[in-house]
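Enquirer: For the protein sequence lines, the chains are A and B, in the order given.
Under the working numbering, residues 56 to 332 are what the first sequence spells out, in order.
Under the working numbering, residues 45 to 423 are what the second sequence spells out, in order.
If you are wondering where the hints come from, they were derived from the structure by calculation, not from laboratory data.
Some clues are possibly wrong.
[What the hints assert, rightly or not] In silico contact screen, one side only, chain B against chain A (beta carbon under 10 Å); selected entries:
{"no.": "1", "residue": "M100"}
{"no.": "2", "residue": "G108"}
{"no.": "3", "residue": "G112"}
{"no.": "4", "residue": "S114"}
{"no.": "5", "residue": "G137"}
[Claimed, not checked] Pair by pair, the computed Cβ-Cβ distance ranges are:
{"no.": "6", "chain 1": "A", "residue 1": "G272", "chain 2": "B", "residue 2": "A240", "range": "55 to 61 Å"}
{"no.": "7", "chain 1": "B", "residue 1": "N257", "chain 2": "A", "residue 2": "E200", "range": "53 to 59 Å"}
{"no.": "8", "chain 1": "A", "residue 1": "K67", "chain 2": "B", "residue 2": "E250", "range": "20 to 26 Å"}
For glycine and all other residues, C-beta sits at the position ideal for the given N, C-alpha and C.
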Amino acid sequence: MNTLPNRLILQKYLRHNVHFPHIWCPGCGNGIFLGALLRAIERTGYHRDQIVLVGGIGCIGRATSYVDFNTVHTAHGRALPFATGIKAANPALKVIAIMGDGDAVAIGGNHLIHACRRNIDVTALVVNNFNYGMTGGQMSPTTPEGARTPTSPGGSIEEPFHIADLAACAGASFSARATTFHVREMESLIFKALSRDGFSMVEVISSCPAHYGANNGAKTPVEMMRWQKEYSVPVDKAAALSPEERKKMIITGIIAEREVPGWTEKYRATLDGKREK
Amino acid sequence: MEGPQAVLLQGNEAVARGALYAGMSFFAGYPITPSTEIAELLSGLLPEEGGVFIQMEDEIASLGACLGASLAGAKAMTATSGPGFSLMQELIGFGSGAEIPVVIVDVMRLGPSTGVPTSPSQGDVMQARWGTHGDHPIIALTADSVAECFEMTVRAFNFSELYRVPVILLIDEIIGHLREKVTLPAAGELAVKNRAAPEMPPEWYEPYAGASNGVPPMSALGGGYRHNVTGLLHDKMGLPTSDPEVIRASTDRLFDKMRRGFGDICLTEEYLCDDAETILISYGSPARSAREAVDALRAEGMKAGLLKLKTLWPFPRAALERFAGKAQRMVVCEMNRGQVYRETLRVGRGRWEVGKVLAPYGELFTPEKIARAVRGGGK
Numbered sequence: 056m057n058t059l060p061n062r063l064i065l066q067k068y069l070r071h072n073v074h075f076p077h078i079w080c081p082g083c084g085n086g087i088f089l090g091a092l093l094r095a096i097e098r099t100g101y102h103r104d105q106i107v108l109v110g111g112i113g114c115i116g117r118a119t120s121y122v123d124f125n126t127v128h129t130a131h132g133r134a135l136p137f138a139t140g141i142k143a144a145n146p147a148l149k150v151i152a153i154m155g156d157g158d159a160v161a162i163g164g165n166h167l168i169h170a171c172r173r174n175i176d177v178t179a180l181v182v183n184n185f186n187y188g189m190t191g192g193q194m195s196p197t198t199p200e201g202a203r204t205p206t207s208p209g210g211s212i213e214e215p216f217h218i219a220d221l222a223a224c225a226g227a228s229f230s231a232r233a234t235t236f237h238v239r240e241m242e243s244l245i246f247k248a249l250s251r252d253g254f255s256m257v258e259v260i261s262s263c264p265a266h267y268g269a270n271n272g273a274k275t276p277v278e279m280m281r282w283q284k285e286y287s288v289p290v291d292k293a294a295a296l297s298p299e300e301r302k303k304m305i306i307t308g309i310i311a312e313r314e315v316p317g318w319t320e321k322y323r324a325t326l327d328g329k330r331e332k
Numbered sequence: 045m046e047g048p049q050a051v052l053l054q055g056n057e058a059v060a061r062g063a064l065y066a067g068m069s070f071f072a073g074y075p076i077t078p079s080t081e082i083a084e085l086l087s088g089l090l091p092e093e094g095g096v097f098i099q100m101e102d103e104i105a106s107l108g109a110c111l112g113a114s115l116a117g118a119k120a121m122t123a124t125s126g127p128g129f130s131l132m133q134e135l136i137g138f139g140s141g142a143e144i145p146v147v148i149v150d151v152m153r154l155g156p157s158t159g160v161p162t163s164p165s166q167g168d169v170m171q172a173r174w175g176t177h178g179d180h181p182i183i184a185l186t187a188d189s190v191a192e193c194f195e196m197t198v199r200a201f202n203f204s205e206l207y208r209v210p211v212i213l214l215i216d217e218i219i220g221h222l223r224e225k226v227t228l229p230a231a232g233e234l235a236v237k238n239r240a241a242p243e244m245p246p247e248w249y250e251p252y253a254g255a256s257n258g259v260p261p262m263s264a265l266g267g268g269y270r271h272n273v274t275g276l277l278h279d280k281m282g283l284p285t286s287d288p289e290v291i292r293a294s295t296d297r298l299f300d301k302m303r304r305g306f307g308d309i310c311l312t313e314e315y316l317c318d319d320a321e322t323i324l325i326s327y328g329s330p331a332r333s334a335r336e337a338v339d340a341l342r343a344e345g346m347k348a349g350l351l352k353l354k355t356l357w358p359f360p361r362a363a364l365e366r367f368a369g370k371a372q373r374m375v376v377c378e379m380n381r382g383q384v385y386r387e388t389l390r391v392g393r394g395r396w397e398v399g400k401v402l403a404p405y406g407e408l409f410t411p412e413k414i415a416r417a418v419r420g421g422g423k
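Looking at chain B on its own, in the form it has when it is part of the complex:
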């Protein structure tokens, strides 16, 4: 086999290839700008690998088919943008409650509603966390380069399989459509994880009893471990219940299994943060502009750094708290009206100043704009 080769890839293509690397064998989707290339590419590649590509009648059906395929044992993914992501919210809740691994890629465009289909945005951060009703666990990841699209897609599948939770990959239109030279990882270079399967005799199987890590082993439909899956709140056998004590145990477990994983799941990258007095917080394409802004500010003698968020949910609180008492100021750079900004205020509880540089109108985020705002106080 040939060694790793550099290729020119688009972010959306890297997502598709990362999914195949992670072992995805099922994709269901509905065309929507700016995510369409993911479906187009997979409609050719997946059948070649013996997998299933199916174009559904809408985004609700797309996620429904993915959840069904996942229950049948497949690693499944769908890809969409804001309007489709809105339609998927109902079944994201189903996936969270019934603990079904699935990956949902949202290539964010400007909204609300149809918005500007071809303009970038990061307006779906809070929707990813709270778009579906009820308290529920969720994981949302981001990427700021084509290489990272590949890496974070693999991680999305791994987290989804390990924690039995829907994982949302939020990339902005700039990254989705960006073309860069990347060297794709060779087979085995990145870890690929699979859901734990039950090993006990079928009559001992309790489908919603957590193992020692809080995550129940998962049997594929038809695997001999017959059980009930439901969106109703359920007991450890998967049967509906309205008993508050049973619900307390099952719901608390959903959050506990995630809490135990925070250390693994919450991914960030620091750039020149150790002595920084001002830390820029950013993710997705704005993080690239923020990094250049840090260089410019450092050249002027300002002690600036960048904390790049790769995981948005669960919010990487610990990565910010590391700087309490050291950095005086955090400045959030994002393409919305302040969704991570508010989260940074909430987590800070007054321990640091919080500023913001926002680009919520579909415009490009220039390093100059960020540097200028930080020099001027960044409020």
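So that you can see chain A by itself, here it is in the shape it has in the complex:
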């Protein structure tokens, strides 16, 4: 259903005349993600008036104000509570929450697991660049063990979260992982997530050459992309890896998918039940 050329899709949805230039650094993966998101939205056929894009605070949170949908740029970590209220109040809207790794699994971690458990019909897109880019590259809950950042100068001693797996464990109806290198696969997974009821999530592994890369031996965008390419393994092939090998790799594809009714459908059923009484 992708009728418009890619170039025109960007023109169609960007608030290019009112809110540019953007704040993202050269080599940042956010633009690649945003392009894929806009193409996936175009493929769904939703009218832009039906789409609500909810963002948190952080580099990727700014994406909300760059695009011409109903956009809500919330407080740090709180995109999912807002998205939950919006969807529950008006189930006709397609609600998409865009978060970074700190936003989604540090300050907003409690909201994330409960949105998964509740299976509220929201698509969460978590752009994971392994650090707090906006504030200068500090350690985040996804920073790999051993990685150096301004707040882990000797290398992180903590185990990172694997966001898509966390969402799968917490009950999301759809959970997937993609990278900004595998851009067509990312677009396809976002499209699948948008096409579902219940809570759907795509974790997008992204590049932050300005901070994370600079602190960890990958100063250029190309080096970061090469790392994404070399360390990615599709989920079916990852099954053969040892636990130690899996820790080093980015496992891409659909992590979990289950056919269960979303929150809004179940809530509507309880309303119908009350009316029949």
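With the hints as your guide, set chain B onto chain A.
Expert: Leaving out everything else, chain B in the frame of chain A:
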């Protein structure tokens, strides 16, 4: 339809029923004593009316969901007590800055921290005004009876919708749990207000340009008036800015829209104040004790009166100033260590003596205690 019937209701129940009367269609909350009955009642009543009840994972999420629902066009409310109210402060600021109508009920209990969950307090007065960071407008209302819980909840929604501002309803545990016979207003008896919607073509819509009253018309998400909502300081299109001149215009408007409404918003009630030399100032359950104390003092020949505050923020300065040069003394009766007392000193600027009778330890406020203190000078 049957006429109005007297019912036995608890304050918290009256809040829930007042919210439904005002047109609330969304409630998100997290259980906390002494506010829990509000959520319990609404979990049954709201779905019956086609509305949404959702129990969230904490109070931050509860207010976040309410703000989202309000942006989607619903009248939304949450209810909590001190510890939960503390957690909500961040998003109260968001609601103030992004001008999102929402009602937050805080059934106050003794603090700080977990405090005494079942003991009454009025310790959240200053937190309601200044709990969230930055300069911001806010409205906070109170109630001193079950009937007033109903009335002030309706007013809270009306102010919230008309001024596009979070409204906090501060009731103390005594009023929240008090059961009284009340006659609920019939449909249409109390005014119910709704936010103004944009009428211009979508391409002309400036979401944060104030109308003639300073309040921008508000479009529900999905209503065809696509725009950006943000907690960043923003221009009239809702887009982020750090330009001090743009910020001056947008921030000044937030305060101006409230200032224009002071006459509507600042609600007080006077009892025997016209010739009073000593005026008790009180709100919530202590106001009932203060009223009895006034009767006792009048019986002894003292010219005492009661100024009951129904609105705490914006502080009803004009209602106090009316007595400058007439009353010599104001005595504030409240269940904290003097939060409205200090405000009364500030507003008085030496034009009247200010005394206080306080009950900050979770104890009941007896009329005798107030009368005794006023007789003795009330300091």
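Enquirer: Now tell me if each hint is right for this structure.
Expert: Taking the hints in turn, this is what the structure says about them:
The beta carbon of M100/B is positioned within 10 Å of a beta carbon in chain A (closest approach about 7 Å), and the interface hint is therefore held. For G108/B, the suggested interface contact is upheld, since its CB lies about 3 Å from the closest CB of chain A, less than 10 Å. Taking 10 Å as the C-beta contact cut-off toward chain A, the hint placing G112/B at the interface holds, the least distance being around 3 Å. For S114/B, the interface hint holds, since its Cβ comes within 10 Å of a Cβ in chain A; the closest pair sits about 8 Å apart.
Taking 10 Å as the C-beta contact cut-off toward chain A, the hint placing G137/B at the interface holds, the least distance being around 8 Å. For the hinted restraint 55 to 61 Å between G272/A and A240/B, the CB-CB distance of approximately 57 Å keeps it satisfied. Taking the beta carbon of each, N257/B and E200/A are about 57 Å apart, inside 53 to 59 Å as hinted. For K67/A and E250/B, the hinted distance range of 20 to 26 Å is satisfied, since their beta carbons lie about 23 Å from each other.
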